[in-house]
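Required output: the full structure, derived from the provided sequences and hints.
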Amino acid sequence: MSTSLILIIITTALVNNVVLSQFLGICSFLGVSKQIKTSISLGVAVIFVITIASGVANLLYDFLLAPLHLEYLETIVFILVIACLVQIVEMFLKKSSPAIYKALGIYLPLITTNCAVLGVALTNVQNEYNFIQSIVAGLGTAIGYTIAIVLLAGIRERIDEASVPLPFRGAPVVLLTAALMSIAFMGFSGLSL
Amino acid sequence: MNKYVERLYNGIVKENPCTVLMLGMCPTLAVTTSAINGLGMGLSTLAVLIFSNLIISLMRKIIPDQVRLPAYIVIVASLVTVVDLLLQAYVPSLYAALGIYIPLIVVNCIILGRAEAYANKVGPGLAFFDGLGMGLGFTIALTIIGLVRELLGNGTAFNAAVLPESFTPIAIFVKAPGAFLVIGFMIAILNAFHIKNNANDLVQGCDGCCSHCSKTGCHNDKKEEAK
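Just so you know, the protein sequences line up as chains U and X, in that order.
Here the first sequence stands for residues 1 to 193, numbered as in the numbering used here.
Here the second sequence stands for residues 1 to 227, numbered as in the numbering used here.
Please note that the accuracy of each hint is not assured.
Some chain U residues near chain X, calculated using beta-carbon distances under 10 Å [said to hold, decoys possible]:
id	residue
1	Asn17
2	Phe78
3	Ser97
4	Val117
5	Ala178
Here are the simulated DSS-like cross-link-like pairs (lysine-lysine), alpha carbons at most 30 Å apart as the crow flies [as the list claims (entries may be wrong)]:
id	chain 1	residue 1	chain 2	residue 2
6	X	Lys196	U	Lys34
7	X	Lys121	X	Lys61
8	X	Lys196	X	Lys3
9	U	Lys94	U	Lys34
10	X	Lys3	X	Lys14
11	X	Lys175	U	Lys34
12	X	Lys14	U	Lys34
13	U	Lys37	U	Lys102
14	X	Lys121	X	Lys14
These aren't lab readings, by the way, just hints derived from the structure by calculation.
Glycine is no exception: its CB is placed at the ideal position from the N, C-alpha and C atoms.
See below:
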């Protein structure tokens with residue numbers, strides 16, 4: 001049991017990296033990766049939200065949608081749950097720990113439209129994961145997201161110092177960097193699990 | 001220029017969601033392994049975008065400002081579910097190829113972005129044409145990216161072999177890194193044209209805040225989203 005959970009973490013975080021091989025959460029991956037510091041904050045916020053969201057989505061699917069045969073409503077239900085959850089997390093953090101709220105606050109609304117959150121919830125249903133497996137898959141995915149965005153931010157801080165050809169400045173060089181990272185992450189698919 | 005035609009031109013060329021605004025990058029990167037998939041994804045998004053723009057524009061005076069984002073999300077999610085079920089019933093091969101990216105149209109920045117930036121301010125006619133223009137711009141960009149990747153990575157175009165036998169397909173173009181490569185070079189080429197025409201607005205992309213996206217990147221001039 002515990003080995004299968006470790007396998008899920010490794011698969012979701014490295015082998016099927018959510019950003020570099022599944023292409024989820026690209027908007028924030030490209031947008032909020034200018035500095036290592038901010039990308040770590042976003043990464044922590046994403047870990048927090050995705051882990052909770054995948055647990056809640058799993059409970060709702062197993063105990064509400066499946067018994068009532070309303071599986072086709074999963075998209076609507078999940079996105080609403082995620083939007084509410086982000087709101088609740090935001091309000092909770094504001095009250096309980098203003099320091100964390102100050103660090104993560106501005107990123108929380110962005111997470112609602114981060115397709116990684118909805119993507120994990122839907123993938124978990126497809127894979128027929130149970131409650132624990134869903135949470136672990138969510139955690140692994142979010143860790144993979146954080147690894148990718150922090151690495152990209154580190155590279156981008158270096159690129160800022162380099163003289164990039166004019167047409168490649170801005171988005172193109174970031175995309176090409178992501179391409180090279182993606183090639184590197186393809187190496188993990190050789191892991192025989 | 002007629003204002004409806006202007007909307008189409010704006011969506012397809014001036015503010016093309018893919019290459020200029022850099023919105024909706026997830027499906028752009030993920031499903032463009034072939035021209036057909038790109039076209040299918042583009043048309044699905046086009047359908048959702050037209051109707052979401054239309055409905056949101058019609059309901060713009062009814063929806064209270066404080067709860068507008070949840071309301072938009074419900075409208076978009078319902079439309080996406082309809083598209084999802086229709087594709088599953090009538091084009092199962094495309095449905096299988098696009099997979100999870102169909103339900104993920106809900107969180108495609110283009111749709112909420114257009115609702116927030118345009119459709120909730122104008123009448124249904126203009127909103128419809130804005131959706132049509134943006135959707136067509138997205139479809140064209142996705143099809144071209146899909147075509148390039150399919151051609152280089154597989155030697156085919158729309159599933160028909162077009163390159164001679166002697167051409168060895170470069171498999172990496174239909175794998176994940178190829179998506180980043182093709183789009184990166186595409187935007188760089190467009191940037192080169194911009195520089196030639198002395199337009200100094202290079203594509204910056206947006207900071208992930210869909211609803212505030214415009215050509216100049218992010219402008220957070222609106223008050224904090226109250227939900």
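Going through the hints against the structure:
no. : hint                  : result
1   : Asn17                 : 9 Å, holds
2   : Phe78                 : 8 Å, holds
3   : Ser97                 : 20 Å, violated
4   : Val117                : 8 Å, holds
5   : Ala178                : 5 Å, holds
6   : X:Lys196 with U:Lys34 : 27 Å, holds
7   : X:Lys121 with X:Lys61 : 9 Å, holds
8   : X:Lys196 with X:Lys3  : 28 Å, holds
9   : U:Lys94 with U:Lys34  : 26 Å, holds
10  : X:Lys3 with X:Lys14   : 14 Å, holds
11  : X:Lys175 with U:Lys34 : 26 Å, holds
12  : X:Lys14 with U:Lys34  : 26 Å, holds
13  : U:Lys37 with U:Lys102 : 14 Å, holds
14  : X:Lys121 with X:Lys14 : 20 Å, holds
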